[in-house]
Amino acid sequence: MKVILLTAALLAVPLTAPAQAAPHHDAVRYASIKGCDRGDDGRLPCGPWRLVMHSGEQRVLADAQTVALKADGKPYKYLPAPVAVSGDGTKVAYFAKNSHRLAVRTLGGGVTLLPAGAVPRVPQYEVGLVLSDDGGRLAVTIGTGQVRIFDTSDGARLGTLPRGETLVDFSGDGGEVLTTVDADESVTDVVVRADTGELVSRATPPQLVSANMPLALAADGRTAAAFVAGKSQLVLYDVETDQVLGRVPVKLPKGDLNAIDWTGDRQVTLHLTTQAGRMNVVQIDTETGAVRLRDRYTVLKDSLVVAACGG
Amino acid sequence: MRICSATAALLASAVLGGVAWAPAAHARPAQVGLAWIPTCTERSGITVPCPTWRLLAPGGGVTTSSAVAGVSVDRRGRSTGEAAPLAVSADGRSVAHQRSGDHRLVVWHLPSGRRTLLPRSLLPKGAGTDLVSLTLSPAGDRVLVDYLDQAERVPTKLYTLATRRTAELRGGDTPIGFSPGGDRVLTERVTADNTTALVVHEPDGTSVRRTPPQVVANAPVKALARDGRTVAVVVSGHPERGKPPRLRLYDLATGKLTEGVDLALAPGDTPFTARWGEGGKLTVAVPGRGKGGTAVVRVLTADPATGAVKQAERYTTGKDPYFYTVAGE
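Quick mapping for you: the protein sequence lines, in order, are chains A and B.
Take the first sequence: its letter number 6 is residue 6 in the numbering used here, and every next letter is one higher.
Take the second sequence: its letter number 278 is residue 1278 in the numbering used here, and every next letter is one higher.
Please keep in mind that the hints were generated in silico from the structure rather than gathered at the bench.
Computed from a prediction, not measured in an experiment: that's the story for all the values here.
By construction, the Cβ of each residue, glycine as well, lies at the ideal position given by its N, Cα and C atoms.
Just so you know, not all the hints are guaranteed correct.
[Claimed, not checked] Dumping the calculated DSBU-like pairs for lysine-lysine here, alpha-carbon to alpha-carbon at most 35 Å:
#1 LYS231(A) - LYS1222(B)
#2 LYS251(A) - LYS77(A)
#3 LYS1125(B) - LYS231(A)
#4 LYS231(A) - LYS1157(B)
#5 LYS231(A) - LYS1256(B)
#6 LYS231(A) - LYS74(A)
[Stated by the list, open to error] Label-pair restraints from in silico Cβ distances:
#7 LEU245(A) - GLY1288(B): 55 to 61 Å
#8 GLY1242(B) - VAL60(A): 49 to 55 Å
#9 ARG121(A) - GLN1150(B): 56 to 62 Å
Input sequences plus hints: build the corresponding full structure.
See the structure below:
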């Protein structure tokens, strides 16, 4: 089974969870679309998007576009339409089937539709969707070009990122975004912008950071973390001062890095995936390096594409 | 046996004139500035290097030598269809190459005509020459033999001709070049961090290593200075943005990096090799296309303080070269 995993932000469980009442709606672990064998055409997306919950329950996202539409509105059967899940598993972004508008659904709540002109008329498979951890912000990447940031409570466009900057992710609290850009002298710069697109800081990081992307940005909008797989370490970096703050050795379960996110003041969460479709979600204390297995699951075997929570 | 210069000139013009060439096994140039190999097409239509390298002298003149093999061989001795390894020392007076016939690696000292056989132990047992990369020291007295195995386990061998001693550099270390005196070697290696480190190997076997900033790691050309710690860094030009290539200096001992200068070259003219020369200047080579599918290589002196360049030599290959290399590359 070959499963394509879309970029994931992370399922954050507040550290005070046991004291709170468990949310009475379950949270999404991942969204999955089935792949059906269609002979010469290979495995194609078929059926609705399924939301696989923490409880194990499967819900159907009935109003989401499943097969990507081309710019002329006709379906392109080979690729699924984009979908994203917020880090906390409470919101899902997708193209609405009927209106073809971008939608953000809150589980157990309502749907916000973005205005019809929010996204230019491009093939849906050229659109990338990223939700912030709590789903309050949606970043829409169009092709290799522009990134637009929306407030998901009312669909208002907050800002646009300059062309040439590639979105990496939202900061821990959704207040900023981290991007990368090919700068002069053949280097990669990291850039922090507010959700309005306004520049906060920019730096040419050392190789240790640029060679171990992606980078996760904390809620403070300046502290970043990268996972150095070859040394099984987290490296912490301050974008504002261009300083490596330290390295934290960590002992991790098997898997390749699928996503890295700040989920607390001193907590980074990694999504690790194995070839067999297993997902290990670990929380790391950035001061002690202590690792806690937060969640573990195997994706549905018939999945063609999976958007793990936050992705 | 000495060839008088008149005969060599006749030979050269015969080659240039496209006349059927009878191998003159004893042709020997005084100095080589650029070596190139033309493209031949096999009956099957595949393009391969022709059997013979052309050796261009500074100031003009071309010679060929049937002893300098043009095509590398695999471990069974069969032609691979790739160019045989060849390197010319910076002083232009030594050529390290694969010898025709027995495929052995040799260093040909042009002034004396002597060919020094390199020991078989410089290559893995039974290996062919197809994965071999050669680098000569500026005076041709030492040679680096890099075997490009996928796993990067085979150590690079550093051989000193006079003493017949072999030193080994770690398998994962990719040679960049010698210091001007030939006593030190600059290499780069990818670390467990996924970063690229620069390493200077000292004559006593010790080494100094540092992980430089992105701009140095990503630079296509680097050259170690006589002091064994200053590295000249050639930063690529960016034609789309109209940025010319640049030259910066990196101190491997302290990690300091100068702001550098723009080189007085067009954005598309990034040098493909550099080495430190006299008076604190660098000698760089810039590739270019000539008329009718030829390659034109300009050898220039660059001033690291101002970025000013001055042409020292200019070489034009024949039509459609398969490969070329300049002295000191």
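Status of each hint after checking the structure:
Under the criterion of a C-alpha separation no larger than 35 Å, the hint pairing LYS231(A) with LYS1222(B) is consistent with the structure, at around 28 Å. Distance check on the hinted pair: LYS251(A) and LYS77(A) sit about 42 Å apart at the alpha-carbon level, beyond 35 Å; violated. Taking the CA atoms of LYS1125(B) and LYS231(A), the gap is about 34 Å. The hint holds against a cut of 35 Å. About 29 Å separates the Cα atoms of LYS231(A) and LYS1157(B), which keeps this hinted pair within 35 Å; it holds.
Taken as a hint, the LYS231(A) and LYS1256(B) pair is honoured in the structure, with Cα atoms around 26 Å apart against an allowance of 35 Å. Among the hinted pairs, LYS231(A) with LYS74(A) is inconsistent with the structure: their alpha-carbon atoms are about 47 Å apart, more than 35 Å. At roughly 47 Å, the beta-carbon separation of LEU245(A) and GLY1288(B) lies outside the given 55 to 61 Å, and the hint is violated. A hinted range of 49 to 55 Å for the beta carbons of GLY1242(B) and VAL60(A) is consistent with their spacing of about 54 Å.
The hinted window of 56 to 62 Å between ARG121(A) and GLN1150(B) is violated, with their beta carbons roughly 46 Å apart.
Of the numbered hints given earlier, the model fails hints 2, 6, 7 and 9; all others are met.
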